[in-house]
Amino acid sequence: MSLSQVITRDLRLALRQKSDAATVVLFFVLTAALFPFAIGPEAEILIRIAPGVIWVTALLSVLLSLDRLFMADYEDGTLELMILKPLPLELTVFGKVVAHWLISGLPLIVACPLIGLLYGLPLEGLGVLLLALVLGTASLSLIGAIGAALTLGARRGGVLLPLLVLPINIPILIFGVAASDSGLSGDPVKGPLMILGAVLLGMLFLAPLAAAAALRQAME
Amino acid sequence: MHRFANPGRFLRLADAILPWVCGATVLSFAVGLYWALFASPADYQQGETVRIMYLHVPSAWMSLFVYIVIALAGASSLIWRHPLADVAAKSAAPIGASFAFLTLVTGSLWGKPMWGTWWVWDARLTSMLVLFFLYLGHMALMHAFEDQTRGYRAAAILALVGVINIPIIKFSVDWWSTLHQPASVIRLDGPTIDPSMLWPLLVMVLAFKLFFVTLLLVRMKSELLAARIRALSLAAVRTA
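Sequence order for the protein chains is A and B. Per the working numbering, the first sequence starts with residue 1, numbered consecutively. Per the working numbering, the second sequence starts with residue 1001, numbered consecutively.
No wet-lab data here; the hints were simulated from the structure. Be aware that one or more of the hints could be misleading.
[Claimed, not checked] Chain B is nowhere near these chain A residues, computed Cβ spacing over 10 angstroms in every case:
id, residue
1, Ser4
2, Ala22
3, Ala154
4, Ser182
5, Gly186
6, Asp187
7, Ala213
[Said to hold, decoys possible] Simulated coverage check for chain A against chain B, where a stretch passes if three residues somewhere in it have a Cβ under 8 angstroms from a Cβ of chain B:
id, segment
8, 139–152
9, 168–175
[Unchecked claim] Every beta carbon over 12 angstroms from chain A, so not counted as near; a handful from chain B, in silico:
id, residue
10, Pro1083
11, Arg1124
12, Phe1132
The beta-carbon is built from N, C-alpha and C at its ideal position, and this holds for glycine as well.
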């Protein structure tokens, strides 16, 4: 089984159960639409809070879809075979994260302009916001894979996962919102975007390593 | 280090040094607390509230130090499968979390008269809060599995991931907002804090460190003894 086969297998599994991916996007849009009810419909306030709302809800949506990442393979024993096969487990994990991002990260980014429309965001800043979301949600998927692998088979794993993953996600939230805010107000965006890229590169190396180690000890 | 992989040998060593460490803790706390709370001068701006610092700063340093201890224990657990490293990590985590909590509480008590508010979203406060959450996550993961070994291994990996992330979190939060005074003890051009306050602070730092060693030894001892009781009662059930 090669890397591309790992990715296509997970994508095909997700496409056969279309509702899963759709639920995450629906959750994203619905949660973001709740804030105007709670805070009030004044246009200036909504534009001010929009990047923060989009980032926090995106973070929660990615979190929501994480427990599926390894669970099905863990329960039916596929994971054991994945550890045994010649492809390094790190690459398998990487492939599964890529598939996870395509299924639950990318749809969020596609749905993001809709939320921008609801919040009356100007079009100029949208490009930066989407670019920052691409970099950020990819890191969120990678970090989430560590958490999902660590909590496999744990009691109350679903509640435990946010407790592990959220503190580590804070830098992505900070720099993601910083880039999006600067993009909307026309300030330079290169700095925060480059840091988001740096975090992504670091996580591309670290997360498959840590998640594979966690999966190995989960199967011991 | 592998000499002490034998719990019996470790227990004998711990029993031998524990009275000494415990005595040194009491002594350094007695000296440090008297010096800090009575003998040192009040600050010309902060008045008597400056004395909170003698508890706040050592517990802040210890909360970082203990996390590094846990990460090192996690590394030796994963690399060498050292049995005592797991016990050390499990015993150290609640102590470190308590230090982080103490830092937050003393900082908050100090912030009310000084800044006029219990909490501000300042970089240092926020990163200490995140560190506290990292501790809680570590402890929750350690106890989340039926199989204790599984909990040890998972928590060890989490501690290593956390220790790589702490500088990133610290940097990002600093970048986000800062109001806290800059470092005044560890600086390239020497401490800016007056010697009459620096010395009692250093004694308190020593006292906290010894206190940690004492607590860690006691907790590791009771952890090992509890494991022995479990093994004995299981054996008793089997033979009965």
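A quick look at each hint next to the structure:
no. : hint    : in the structure
1   : Ser4    : 28 angstroms, holds
2   : Ala22   : 30 angstroms, holds
3   : Ala154  : 4 angstroms, violated
4   : Ser182  : 13 angstroms, holds
5   : Gly186  : 20 angstroms, holds
6   : Asp187  : 14 angstroms, holds
7   : Ala213  : 6 angstroms, violated
8   : 139–152 : holds (count 3)
9   : 168–175 : holds (count 5)
10  : Pro1083 : 15 angstroms, holds
11  : Arg1124 : 14 angstroms, holds
12  : Phe1132 : 9 angstroms, violated
The structure fails to meet hints 3, 7 and 12 from the earlier list, while all remaining hints are met.
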